[in-house]
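Asks: Could you build all of it, start to finish, from the sequences and the hints given here?
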Amino acid sequence: TMELNKVIGLGVAGNFAGHLEQAGEAKDFAQVKVADATAPKAVFPFYVPAATAGFLSVFPLSSCRIQTTDRGDNLQIEPEVAILCDLTYYDGQVTALQPVAFAAYNDCSIRKPNARKISEKKNWGPDSKGVGPLLPLDSLLPGGVLDGYRIASFLRRDGELHPYGQDSAVVEYSYFHERLVSWLIDKLNHQQDEGPAEHIAGLLAQAGHPRQALISIGATRYTPFGETHYLQPGDESLVVLYP
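Per my numbering, the very first residue in the sequence shown carries number 964; after that it's consecutive.
It should be emphasised that the hints constitute simulated quantities derived from the structure, not laboratory data.
Quantities reported herein were computed from a predicted structural model and do not represent experimental measurements.
We put the beta carbon where it would ideally sit given N, CA and C, even for glycine.
Heads up, some of the hints might be wrong.
Here are the computed distance ranges between Cβ atoms for each label pair [unchecked claim]:
1) Gly1055 / Leu1124: 23 to 29 angstroms
2) Ala980 / Leu1098: 23 to 29 angstroms
3) Asp1149 / Phe1188: 17 to 23 angstroms
4) Pro1099 / Glu1157: 33 to 39 angstroms
5) Gly1197 / Glu1141: 40 to 46 angstroms
6) Thr1051 / Arg1142: 16 to 22 angstroms
7) Leu1124 / Ala1000: 32 to 38 angstroms
8) Asp1101 / Thr1191: 37 to 43 angstroms
9) Val1203 / Asn1037: 31 to 37 angstroms
Replies: Spelled out as structure tokens, the structure:
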């Protein structure tokens, strides 16, 4: 496996129409200015490979388990695609972002209203994020391999399998292909520390400008079951990325 503990972990908030409303988070982003109505809201960090990054310095990724919080928070599966990207810098700015691999991803989140920053709901220690095997990716250009994939999600409880996320085509992301890549480069360089958002360029610098980023590109909408059921010990959460 690649050494993901050297890679900065970032996520995209609000890249699937309707998800934030279902997650009870739309109001958190009410003041966030966006370029157009369908644009994602912000980039957030979930892991920063730097000893000085506080709770974000704890490596949260696991392929086989989600650890509950010691506070008994409401945890929800967030079914997503994660993309591993090579980052190119010039003079401290990101000049290129090249996708090299992709994986099924569970951006498992604490449903905590009025959290100060998005990241506070994302990393509560080891095994707080789910990631599947990384598969090679040539590009995010239209007609690429990911265009033919769908995302499904299930929760198995007491022997019963419940659809948790709405089975969705990857191309249904609001921003995808080159539009997502250029949006990400802009946010990595220019997003400010305001509202629920954080200054990503500062975190990249803090981590010594890492050569790669693992970026989860947004959660799908929930089924009625997923919208109303939080994770409990003993549950099995499944995120499936399939052609």
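Asks: Falls inside 40 to 46 angstroms, the C-beta gap from glycine 1197 to glutamate 1141?
Replies: 43 angstroms, holds
Asks: May I ask you to test the hint 23 to 29 angstroms on the CB atoms belonging to alanine 980 and leucine 1098?
Replies: Between alanine 980 and leucine 1098, where Cβ atoms are some 26 angstroms apart, the hint holds.
Asks: Is 23 to 29 angstroms right for how far apart the beta carbons of glycine 1055 and leucine 1124 are?
Replies: 48 angstroms, violated
Asks: Please check whether leucine 1124 and alanine 1000 have a Cβ separation lying inside 32 to 38 angstroms.
Replies: 36 angstroms, holds
Asks: Quick one: are valine 1203 and asparagine 1037 within 31 to 37 angstroms, going by C-beta?
Replies: 23 angstroms, violated
Asks: For the range 16 to 22 angstroms, tell me whether the beta carbons of threonine 1051 and arginine 1142 fit it or not.
Replies: Check passed, 19 angstroms falls within 16 to 22 angstroms.
Asks: If you check the beta carbons of aspartate 1101 and threonine 1191, does the distance land in 37 to 43 angstroms?
Replies: 39 angstroms, holds
Asks: Using the C-beta atoms of aspartate 1149 and phenylalanine 1188, is the stated range 17 to 23 angstroms upheld?
Replies: 36 angstroms, violated
Asks: If you check the beta carbons of proline 1099 and glutamate 1157, does the distance land in 33 to 39 angstroms?
Replies: 37 angstroms, holds
Against the hints set out earlier in the document, violations occur for numbers 1, 3, 9.
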